[in-house]
Amino acid sequence: MAIHEQYEPSVVEQKWQKRWAEQHVFRMARHAQRKKKYVLEMLPYPSGHLHMGHVRVYAIGDVYARYYLMQGMDVVHPMGFDAFGLPAENAAIKDGVHPATRTAENVATFRQEMMAMGYAYDWQLELNTSQAEYYRWNQWFFLQMRKKGLVYRRTAKLNWCTGCLTVIANEQVVEGHCERCDSVVVDKEMREWAFRITRYSQELLDALEGLSAWPERIVAAQRNWIGRSEGAWVDFAVEGTPHNIRVFTTRLDTICGCTYVVLAPEHPLTQSLITAAQAEKVRQFVEKISKQSKVERTDETAAKEGVFTGAYAQNPFTRERVPIWLANFVLADYGTGAVMSVPAHDVRDFAFAKQYGLPLRTVIQPATDKALEEPLETAFVEDGVLANSGSADGWTSPEARRRWGEWLKEQKLGEPTVTYRQRDWGFSRQRYWGTPIPVVYCKACDPTEEGIDLEASQLPLLLPPIDTQAVIQGHGEPPLAKVPSFVNTTCPKCGGPARREVDTMDTFVDSSWYYARYLSPGFEGGPFELAKAQHYLPIDIYVGGPEHATMHLLYFRFWCRIMKLLGLVEVEEPAKRLITQGIVNGSDGRKMSKRWGNFVPPLEIIGKYGADSLRLFVLFAAPPERDMNWNNEQIEGTYRFAKRIWALAALHVEKVKGAQWTGPFSGTALEVVRATHKCIKRVTQAIERLSFNTAIAGAMEFLNTLYAAPAPHTEEEKAAMRFAFKSLALVLTPFAPHLCDEIWEALGEEGCTVEAAWPSFDEALVVDALITYVVQVNGKLRAELHLPVEATEEAVCEAARAEPKVAALLQGKTVKKCIFVPKRLVNFVVV
RNA sequence: GCCCAGGUGGUGGAAUUGGUAGACACGCUAGACUCAGGAUCUAGAGGUGGAAACACCGUGGAGGUUCGAGUCCUCUCCUGGGCACCA
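Letter 188 of the first sequence, counting from 1, is numbered 188 in the numbering used here, and no numbers are missing.
Be a bit skeptical, because a hint or two may be false.
[Claimed, not checked] Taking lysine-lysine pairs in the DSS-like style, the calculated list, with each CA pair at most 30 angstroms apart, reads:
hint	residue 1	residue 2
1	K657	K18
2	K564	K594
3	K805	K817
4	K354	K188
5	K678	K35
6	K147	K94
7	K36	K15
8	K35	K823
9	K823	K681
10	K188	K157
11	K157	K18
12	K288	K370
13	K591	K157
14	K36	K94
15	K681	K655
16	K291	K304
[Said to hold, decoys possible] Computed spacing ranges between beta-carbons, pair by pair:
hint	residue 1	residue 2	range
17	W407	Q271	51 to 57 angstroms
18	Q6	G751	21 to 27 angstroms
19	E572	C445	55 to 61 angstroms
20	T417	S290	26 to 32 angstroms
21	E572	W407	33 to 39 angstroms
22	Q112	D299	45 to 51 angstroms
23	T792	K608	37 to 43 angstroms
24	T368	E410	30 to 36 angstroms
25	G72	G589	39 to 45 angstroms
26	A303	C445	17 to 23 angstroms
27	E410	S290	37 to 43 angstroms
Simulated from the structure, these hints should not be mistaken for laboratory data. Ideal Cβ positions, reconstructed from N, Cα and C, are used throughout, including at glycine.
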């Protein structure tokens, strides 16, 4: 369309989307000799349609992809689909449509809607995790990791989601509910497969230090999640038996104040400790607790309950005899499943001791203040100075922990140690629509069901075709168990009859390494081409939601280490810089959802205002990392901005497109040139510091200046205006690419904006000829001066004093001091 | 309880290093154009007082440092998020 016609976004946008695709503008290695830049947004699950959250993340990534292209880099910017997963399977339960069919439809829709947004993707790199050419490498990784002892099968009380009807990982449980579907999560004793991510707990923690370009909140969330805790284990001998109770404590300094020990009811020693007198009480207690779910048990408001076992242990420090109790608040799977209780110096122990009438002993006194008042009204939990602790009296808490830790080790009674809150990553899912686990069970070769690995040559192990309605029913049984042709197989070892594993893998496995596969998506000789990975990794900028802080973002850091261990990559950390975008809420501030009737489909907005205006809106309304609300009036505002650019271009472009001016600019032309340089500087720096909203504001301000400028008449003025429009098209193209390319073309320029160089600015022209000086008297604003840039300090102060208002205030006073800030202000300090 | 973000007009948000608080935009008001509405353009606008000039007050609250504080320090309140009977 011609620029003098009315602005019609759909026409402009389709034209340029087609042209970009035809000319392969965004193809990886199009300029292979350039420095690489890998810009990536987290790959989406293809649900029905793109929503505003997607529009926002991809718009953020797109700004950088286009910006770095123009900065002369070889930009990789791929997109793909996290296509396995529950929603498609849940839909199949309802309507019997095979997940593969539905997923294919959804992928097509997603791709089409993304294209309508004009994102700068290299679609040649597209990948789909539900395709065998992708998931076969999940299976390959599984086999490699098994060889390294990083995968194992275990029986445990697992998190069973009552909605998804599958086991889920610890990371996916939020306050006792499923992170995905919000259903209640219950305990279920099951066998499952797990990755030994805890082997890397310390490394994952240490390396957080190096992630300086990750948001602090994500780093902090991971640190919390890993939950490193320094302390010591100590063995308490059980009186009259050969057993020891091993406790874990972070407060070894308080050990002389230990007046009882407590075991988790599930502790392996529990049964052997019970005395006849207490047997019935203990049995009832254990039964009661075993019926409670993890959620009930770990609810802090729940009553602390316990029971005396009848047995005693010996404190290895004081040689005292202390009773052994069981209690609901002691967790079997943290530390050693047993604690030493020091009621005087631990809030929880204090409450428990009061409740059951157990004794307290104060062994720590505040370092500075006077001694604690007895009896204690609350536990004193801070570090201090030891008391009532024999020869250790007077030591400080840290000193006691260190010295006693050494002593324990010498005596072989204990040892300083570190525990972590993080658990191994259980990845078995009792679902169909995921990667089959390449393992079989053979009664003859593998009686304990550890699983026998397939040979690498037997991969991929394909998901079998199924009668959807018969197999996917949502009853909580693994659907694959209902497919005899899949289940029944032969043992790779003995050739006898065997059964296949029927669980599939967590989809977080898929997203743990996809970023490496993008670089060579069709590669068949391994998960990816090593040379490509070496050249393009790590990801330079990774954009995605903060909700993945302790799930995907932790798993993919783990997996990167696995890939390094396997010699596949050289880097340890997958992503240098992380940007976590805020949520797009509805206009009422609530989560955008059909339920609240505040849902705005992007496609509708594209149809009404165009993709450029939508991109401008999501980037202008708030800084990328902050939450924002959709606003029907603000989108009108960005649309108006787009129309104003178009209208002014229509007015001038034809007249100025051939204008040439080599000499220095002057008069109104110079003002236009200065405004242009100012705009380039502002936008460039704003992009660099992730402040896209102010980048757009800078362009808006520039446009307002151009509106206010007189229409160009002379060749000089025309050349200045041409320069202004060229620059505007270049700096705004990361935000509104279609519109900018149209203007670029109307100006008679070749190709498209992303193939042009990012404009540079002249620092000398960024400063106005006249500087506004603020004149203060005692720090209060009293006058404004407009003086030439070259005015000296003396001249400025002189002019300031001459201002009538200032002169009046200085009348009869002594100027103690005169503060001069170049190009900014003068402040007279008077008394 | 611990950790992380935040708190600025009617609204979304600006304010690299302490230096004109409120850029830019929405909404609003007035005017122009129009038969009219919409669109568009022009102008106005933190609050209080005042016809105006102008004055005073103003970045959750209280102190402090400084010629000068949204910005730095101390304490405190509130909102959102993460972790947690974690020994």
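Here is what the structure says about each hint:
1. K657 with K18: Satisfied, since the Cα-Cα distance of roughly 25 angstroms is no more than 30 angstroms.
2. K564 with K594: 44 angstroms, violated
3. K805 with K817: 18 angstroms, holds
4. K354 with K188: Given that 30 angstroms is the threshold and the Cα spacing comes to 34 angstroms, the pair is violated.
5. K678 with K35: With Cα atoms ~28 angstroms apart, K678 and K35 stay inside 30 angstroms; holds.
6. K147 with K94: 40 angstroms, violated
7. K36 with K15: Holds - the C-alpha atoms of K15 and K36 are around 29 angstroms apart, at most 30 angstroms.
8. K35 with K823: 39 angstroms, violated
9. K823 with K681: Roughly 18 angstroms separates the two Cα atoms, so the pair holds.
10. K188 with K157: 5 angstroms, holds
11. K157 with K18: 54 angstroms, violated
12. K288 with K370: With Cα atoms ~45 angstroms apart, K288 and K370 exceed 30 angstroms; violated.
13. K591 with K157: 34 angstroms, violated
14. K36 with K94: 46 angstroms, violated
15. K681 with K655: 27 angstroms, holds
16. K291 with K304: It holds: about 16 angstroms lies between the C-alpha atoms, which stays within 30 angstroms.
17. W407 with Q271: 51 to 57 angstroms: 32 angstroms, violated
18. Q6 with G751: 21 to 27 angstroms: 26 angstroms, holds
19. E572 with C445: 55 to 61 angstroms: At roughly 37 angstroms between Cβ atoms, C445 and E572 fall outside 55 to 61 angstroms, so the hint is violated.
20. T417 with S290: 26 to 32 angstroms: 29 angstroms, holds
21. E572 with W407: 33 to 39 angstroms: Holds, since E572 and W407 (Cβ atoms, about 38 angstroms apart) stay within the stated range.
22. Q112 with D299: 45 to 51 angstroms: At 47 angstroms between Cβs, range holds.
23. T792 with K608: 37 to 43 angstroms: 57 angstroms, violated
24. T368 with E410: 30 to 36 angstroms: 33 angstroms, holds
25. G72 with G589: 39 to 45 angstroms: 42 angstroms, holds
26. A303 with C445: 17 to 23 angstroms: 50 angstroms, violated
27. E410 with S290: 37 to 43 angstroms: 40 angstroms, holds
Hint compliance for this structure: hints 2, 4, 6, 8, 11, 12, 13, 14, 17, 19, 23, 26 are broken, all remaining hints hold.
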